[in-house]
Every structure is written in structure tokens, then in C-alpha cells.
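2 protein chains.
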Amino acid sequence: MSRPTVHDIAKEAGVSLATVDRVLNARPGVRDKTIAKVQAAVARLGYVRDASAANLARQRQYKFAFVLPDGPSQFTDTLKVALRETYASQIADRVSVKVVGIPTHDAHAIVRALLSFDPKRLDGVAIMVPETPQVRDAVHRLKDAGMAVVTLASDLPNSERDYFIGINNVAAGKTAGQLMGRFVGAQGEVLVVTNSLRSRDSLERRLGFDEVMAGDFPRVSVLPSVESYDDSLRMEEIVLEVIMRRPRLAGVYSMGFGNRSLLNALRRSGALDDLIVIAHEITPVTKQALVQNEISAVITQNVGHLVRSALRVLRSLCDDMPIFDAQERIRIDVVLRENLP
Amino acid sequence: MSRPTVHDIAKEAGVSLATVDRVLNARPGVRDKTIAKVQAAVARLGYVRDASAANLARQRQYKFAFVLPDGPSQFTDTLKVALRETYASQIADRVSVKVVGIPTHDAHAIVRALLSFDPKRLDGVAIMVPETPQVRDAVHRLKDAGMAVVTLASDLPNSERDYFIGINNVAAGKTAGQLMGRFVGAQGEVLVVTNSLRSRDSLERRLGFDEVMAGDFPRVSVLPSVESYDDSLRMEEIVLEVIMRRPRLAGVYSMGFGNRSLLNALRRSGALDDLIVIAHEITPVTKQALVQNEISAVITQNVGHLVRSALRVLRSLCDDMPIFDAQERIRIDVVLRENLP
DNA sequence: GCCGATATGAGGTACGCACCTCAAAAATAG
DNA sequence: CTATTTTTGAGGTGCGTACCTCATATCGGC
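In order, the protein sequences belong to chains A and B.
Those letters in the first sequence? Residues 640 to 980, by my numbering.
Those letters in the second sequence? Residues 640 to 980, by my numbering.
Don't read these hints as lab results, they were simulated from the structure.
Worth double-checking, as some hints may not be accurate.
As the list claims (entries may be wrong) - Subject to a maximum C-alpha distance of 30 Å in a straight line, what follows is the list of computed BS3-like cross-link-like pairs (lysine-lysine):
1) A:Lys782 - A:Lys737
2) B:Lys650 - A:Lys737
3) B:Lys782 - B:Lys759
4) A:Lys926 - B:Lys926
Please model the complete structure; the sequences and the hints are all you need to start from.
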């Protein structure tokens, strides 16, 4: 016996096709009693809407945009690659995706980009942008215009975004802390570097990291964060200085971007062999450093999942369908040299 | 501009719809020159077949079976749960899945189950079975009957299976080794337990584990494997005995099933607090043990991915479509208390 | 039991593609 | 050149659903 169709439901429920259609698509003008009859028939026959036929008939074209930082970031590069790859398989699924690059540091440009979206020509956006009042306001306006908005990798709490796709950065920091504590061993000092603590991700990671270090490894002391502000020269200088001044330095935790310059500095310092380095995000740079035993562990998130999850959620939002949080929870991956993807 | 359809291709190529159809579906009776014309038009317009419409018209129904061990295994339980969850979304996608339980230790029963499949009523199978000559032979016959066959979690090399869905167990063992070595610290002894070294997974994991331990942590010595043969009493006895006799014991690596009885034994021994325990597969038991700090790390694979990947591959095999290996590569997940999913 | 309002039925078209038939055109062989 | 084979065109039908129109049936209030 093959799958039941709407016709079977109509027959089973003793109503017409039109009524079944009204019930299934939640159109008005059906008595509660009739709705119940149809739903009972659906349950009895185990009817499941044929997604292929529905999509075909519906002629739905989901139009989404991804707003990503423009700069030379390895992470966003891999994200864009994942996006392109996913797109190739999604094109058969009636979704079209546009990627919009934005200059991270120019809040006005970001807002301009967001507000340039025509709600008529776009169903939803996934954005990865720094948290500023202006951006929150722009999100508000997008929502008002009826667009679905999800934040990607970096959240905008207190904004009206519909959903956040990304890892729990506190937990990621804790994971890094646990590994750092165990890898460093008895005692020592740990340096924490990041682009900027003004970014929410870094702040949360630092929070988690500190909590675990203080709780589980009290004999390892964590130095104040060093911020590079995307300035690789500045980063190298500071790192070299710290290494010179801190003979007990046993580990370095890199919470954000700029792993390339960090590694350059460490290599030049000659102290790399004795340091436990833990970084975030698998990129060509961190991958190579893992292989060469320069980095001990990388905490990362699967950008493919990130992209697919964002697309799924955007679609659900457009269709007013429920979102299965469990499926959209992005996992915190721990990558050692041995389990490199 | 929306997506081009077959009509657009026909117009662009200057041929009829029927000819486009013949080319797209590789039907005979078209001159090479005409085929080239159509393909050029496809390339020019960027035509992509609408999978929804195609499946609808084709009236395709994929029928697959999953052959899984019957016994009370936490891992296969989670696998079955994942399968059920995925099933709900797949039924809308014209695939139906049947789960067949088999007694792991009865090779004949396994073969009987495999050979009972009617090639007319089944398009493909995903199997998770121990490696025996009889099973390999059964796979051979299934392939002869035209079925797609993929191995799940546990591979059958040298058989004619089309594809293996699972992790690289040597790499998984290496990952466990790296963590064990670093967590144990300076020196000590490590116990390795498993159900049976006759299972390929365990053998491969042990191989990887030993390689890393010998290479990177020569001062930690790894004891010979203890096999429980699914006998929890036996397992508990042996483990207790080893703990008594080996005061330098610093870690336990559990390569397979039976984590529940292992943990029971360790708890009873009172030595759990001083031991680094690393196990495989996230299950309710290992999860709880992680939370309670009894296990330090779990090496696992995402069963949801396993199932979805198997279904994707089976479909691709049935449709003679290419398989994107990168997408099907199951990652080796490292789970600490801090990054529990 | 009549009214207006609401609910339901009957039937149609369209979506993009697969697959079919039959006739006509073109290429090839003799 | 004709006879034969091969290639192409024209057109149709159906897959399961969405969405539309318009006529008819049923309901609730009086």
C-alpha cells in the first residue's frame, strides 16, 4: 500500500477535497467539528504531506541573504565556502541565497546594508555583525518589514532577531579552559589573546575560560587579556614582550581571529615548543599549526552545520513552522591533530 | 528571473521538449550533435533539474532497511532513536525505512536476515554487523541482486559494500591516546578494555591508541587489552582485579560497549577519583558519568549524522548520483563535561 | 420557518518533470 | 534514386498538492 494522498483523506473523512485542503493549509471557513474529522482521518491513515508535490505546487522561492564581514578573515572565508557548497545542493530546493559583505568596523555601513534590503524581494537574512545599538535598531526595522532575521555565530541578544545560530560561547570557553588546565599540568601562567573584548563572543569565552581555570585549576594563573584590535603588528609586539617577561608562561589561549599573526609571533619567540596553544576555529592556518604540533587543540564549530542550520531555520520562520531546537544546536567541536576533519 | 525549466532548454537549444527529455534522461535515439546542443543550452542557462518535480513525476519510492544489532546496547539504542527521528522528516521525501534487528553473535541468523530481503521490494540496506566470511558472502549476493549496500559504524572491507559510513577508528583511537597521554601526565599505566578484539573497530582503535601512546608518551605504559565478551560480571571481576594488582594504574580506556559495567566496577573499587577514564560513544550512561566527573572524555560520533549520511548515500547510489565524500565523512567528536551536546 | 451568514462541495488550473505514442523529418544504405 | 533506418517533433497524461471560483448546503438567530 502506497502513501495516502489528500484524496484518501477526503474519502476517509467523508468530506470534499476542498475541505481537506482548507484544513491542511489552515484556511478559514471550516467548522471545528469538520476540522476534527479531517484531522482524525489524517491520523488514522498516517497521512504525511508530500513535500515534493507541495513545493512544486506552491511555487515557493525562498530568497535569503547572508550578511558577513568583509575583511580578510579565515573564518568568514570558510563560512563563505560552506555557503557556496550548500547553495549548490539547495538550489534544487527552491532557495536562493545572496551573500553581502560588510565592513565590520563601520556601523553605519552595516546599517545601510541591512536597510537596503527590499522586503518584497527578500524573505529573510542571516547576519554576522558586531553588536551596536544602531544594528539592533536596524534589526528592529527588518522585523517590522516582515523579514525573518537570524544571527549567525555572533548573537544580538536584546534585539528582535528570531533565532541565534551558533555555539554557546561560555561553554566553548569552558571547554578551552578544561583542555588548557589539563594540558598545562601542574602550574604556570596562561596568556589570553583576542581581537577585542568588546566583541560579545570573546567576552563570553573569557568568562567560561576563567570559571574553569579558577575552579578546577587554581594553581594555573590566567593573565589579563591582550587585545590586538585587528592589528597584527601590535599583536606580535605584545606577545613577544609577554613571553620575554613571563618565564613561567605555559600556555596561550587565542579566543578570536588573528591566529596567523599570533603564531608568527610565537614562532619568532622560539618558545613555541614549550607552550600549550589553544585556539578557535579550524582554518587553513590553525589546521596546519595542528599538524605541525604548534597548536595543541582547536575549539571550533562546523561551518557547514552553521549554514545549513541557518537555512533550515529561515525556512521554518518563513513558513511559520516550528523549529526543532535540538537539531539546530551547534556543537562545540574539539579538534586535536589526531581527529582533524 | 526564476529558474530555467526544460521548456527554456528546448527553446534555447532549438529542439523539441521530447529531445531535451531524451537527453536529460539518457534515453537512446539522439545524435551526438544534438546531445551536445542540449547540453550546451543546459550549461548556458544553468539549468538544474527540479528534484521535487522529478521525484513526483517519477513516482519514486525509496525503500531502505537498516540492519542493526538486537542486544541491549546503548549505542544502537541511540542509533535507533536517531533513525526514528530522521524517519519522520524522510517520509515526506519519498523514502521508507525498515529497521531489522539481528542477534550479533549468530552469523547464520544475520545471513538469513540479509538474504531474506526481496530485491524487488527493497532498494538498499545499511548494515551494522560483525565481520565474517558468511556476511561478506551475503553482501556479495545482495549486490548481485542489484541492491545498494552501505556499512554503518563498522565496516566490511574486502566485501562489495558500496560505501562505509562511520568514523576512522584508527584515528579515533589516536585521539583517545592523545587525550589519555596528556591527561594522565608524567607516567603510569593504562588499562584498555573492550568487548572483544575480534571486532574490527576495537582492533583499529587499539592500533591507533598504541601508536600515539608509544610515540608521544613513552613513559606511560599500556597494559594488554581486557576483553569482556559482553559478560558484565566477568568485566567487573577482571577490572577489580587489575586495580588491586596495579597501584600505578592511572587511566582506563574503554574502546567499546559495556561502559555501564565498567563504571560500576570502577565505582566499587573506590579508585575512580584518581583515574582518567576515556570511553567511546555518548549514551545516557557516559553522559551522566561525564557530568559527575567520573569520565574525563568521550570519543563519539554523531548518530544523527550517521543516519542521515547513510540515507543520503543510499539515495545517491539508487539514483546513480555522485557521492560527496567530504559531506559524508563522519567526524570524530571529543566530548568533555564542558561541551556536552 | 425564514433570513443572512457561514460552511462545504464540485471542479478546474497550474507547478516542472517523466514517460508515452505516433507521425514526420532527416540521415543513411542500397 | 528509392527504401530503410534513425532521429526528431508534437502532443498528451499523470504525479500530489496548492489555490481559485462559484454554486449549493447547512447553520444560527429571530
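Hints, one by one, checked against the model:
Distance hint between Lys782 (chain A) and Lys737 (chain A) is fulfilled; the C-alpha atoms sit about 19 Å from each other, no more than 30 Å. For the hint pairing Lys650 (chain B) with Lys737 (chain A), the CA-to-CA distance comes to about 28 Å; that is within 30 Å, so the pair holds. Pair hint Lys782 (chain B) plus Lys759 (chain B) holds up; C-alpha atoms about 13 Å apart against a cutoff of 30 Å. Proximity of Lys926 (chain A) to Lys926 (chain B) is assessed by CA-CA distance (about 29 Å); at most 30 Å being required, the pair is judged to hold.
In terms of the numbered hints stated before, the structure departs from none.
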